[in-house]
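S.K.: All chains, please: the whole structure from these sequences, using the hints.
One letter stands for each residue in the lines below.
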Amino acid sequence: MSSSVLGIDVQDGLDISGVIYTYLPVKNVVDDFTVTVQAKHADTGFIFQDTEDWSGLPAIRIKKALALPYTPVSLFGESAIVTTGTGTIEDASVIYMYRFDTCYDPQNDPGCPGYIPPVPKIPKIDFYDALEDEFVEMALEETDSDLIEDKEMKETDEEEEDEERLEVAFAATSNALTIANTATQASVLDAINKATNFNSYYIAQIPGKIYQETIVLPDSRLPDNRKVFRSLAKDTLMNQMIEEQYK
Amino acid sequence: MKKLITIFLVMGISGCALLMPKKAEADTSISGSIESRCTVNTDTAGYYGNPSANTLTTLPASNGQVPIVRIDTTLANAYKAQISYPTSFSSSPSLSDSVTWSGAVAVVQTSVSGMSAYQAASTVTNGGAMRVYNLTLAGTTWFSVSSQALYGGGQAKPFPGGSYTAVVVAECVAQ
Chain A
2 MSSSVLGIDV QDGLDISGVI YTYLPVKNVV DDFTVTVQAK HADTGFIFQD TEDWSGLPAI
62 RIKKALALPY TPVSLFGESA IVTTGTGTIE DASVIYMYRF DTCYDPQNDP GCPGYIPPVP
122 KIPKIDFYDA LEDEFVEMAL EETDSDLIED KEMKETDEEE EDEERLEVAF AATSNALTIA
182 NTATQASVLD AINKATNFNS YYIAQIPGKI YQETIVLPDS RLPDNRKVFR SLAKDTLMNQ
242 MIEEQYK
Chain B
170 MKKLITIFLV MGISGCALLM PKKAEADTSI SGSIESRCTV NTDTAGYYGN PSANTLTTLP
230 ASNGQVPIVR IDTTLANAYK AQISYPTSFS SSPSLSDSVT WSGAVAVVQT SVSGMSAYQA
290 ASTVTNGGAM RVYNLTLAGT TWFSVSSQAL YGGGQAKPFP GGSYTAVVVA ECVAQ
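Protein sequence lines correspond, in order, to chains A and B.
When the first sequence is numbered by my numbering, its final residue is 248 and no position is left out of the sequence of numbers.
When the second sequence is numbered by my numbering, its final residue is 344 and no position is left out of the sequence of numbers.
Keep in mind that the hints were calculated from the coordinates and are not lab data.
Since this is a predicted model, take the numbers as computed values, not measurements.
Warning: the hint list may mix true and false statements.
Claimed, not checked - Restricting the straight-line Cα-Cα distance to at most 30 Å, the calculated cross-link-like pairs of lysine-lysine (BS3-like) are:
| # | chain 1 | residue 1 | chain 2 | residue 2 |
| --- | --- | --- | --- | --- |
| 1 | B | Lys249 | A | Lys64 |
| 2 | A | Lys125 | A | Lys152 |
| 3 | B | Lys249 | A | Lys28 |
| 4 | A | Lys152 | A | Lys235 |
| 5 | B | Lys249 | A | Lys65 |
| 6 | A | Lys152 | A | Lys228 |
| 7 | A | Lys210 | A | Lys235 |
| 8 | A | Lys228 | A | Lys210 |
| 9 | A | Lys41 | A | Lys28 |
What the hints assert, rightly or not - A short list of chain B residues far from chain A (calculated; beta carbon distances all over 10 Å):
| # | residue |
| --- | --- |
| 10 | Leu244 |
| 11 | Ala289 |
| 12 | Val293 |
No residue lacks a Cβ here, since even glycine has one placed at the ideal position from N, Cα and C.
M.R.: The structure is reproduced here in structure tokens:
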């Protein structure tokens, strides 16, 4: 007997105690006609079999209740309404009466005698180890370092060469201006010295006095020269120099 | 001496006879009860529909309800069912005209196929209002009792407004 027939879950502790069936036979009075409502035993034979003989009788709706000894539902096999003779049945219904012993399995209800508080099962948790992850391993695998280093070295060399060119350019400009300024100042001083008597300055006496510091340089954040830091942090130039001696 | 003894003996017996009661008696009761093996129940209560002003009927088509009476017997061939449709109102407004009653009693459902023969074997009495069924089989039989009341004695007068009640009588009588 399935759950769809019973309307509840088939499980231990469910006992069938009776059957109520009804149907309307359709037949002629003179015809022979029998109707049997039955339920097979799960093993062999029948749990119940009830036959009504309508032969020679007028058709009228029948409604019948059959009492059964408490029978575990698991013993019920296939149920059927079987007819013989000339006639049919309409609007048939078979209803099973049942009881459910909730304490058949004491674990169904904490109030049942013999109930044992269940020990929760500790679920097995698979820990994720990133170091064993195949994708992580693939990502950590050493690749062709020569290609990467060559590319980095090439880019670094180009940047350094650009910087050096700029520095040289700035230095040349600065030197030119300095030289020019120096020459100009010297000529100016020379002209002044020619026109001015500096003796009074040479004999001048400066009265003793304590000069207090009046200029205060407030603290401020002096940023690191990242470019230098990056340049010094790389061994590329050093390695290049070392390799140069073996060429 | 012998004569004296005889006198005493006669007096003694007479004295004993005077002291003893005339008779001894006791009341011993015997009790018992009988549980009916035939019961009558109302499965479905009926009510009247009012399809027209002068008609009250239990027909479902007229918004009525046919009452269903169930009779259970656990003993075959011991009882007969006597079921009557109403022939008067048990309560109603004051009626100045006559009411024409009609109805029918029928077996509508059984618990044993053999009971389907009850209807054909039944008899009617009391002017057709009462139908008698011999309950030859143990089990349950359901009877329907339809009823119709027409007011006005054939002149189709409207029923006075109010509440009307009629009673179906169903009895289980020993054969």
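S.K.: Any of the earlier hints contradicted here, and which numbers?
M.R.: Hints 2, 7, 8 and 11 contradicted; others consistent.
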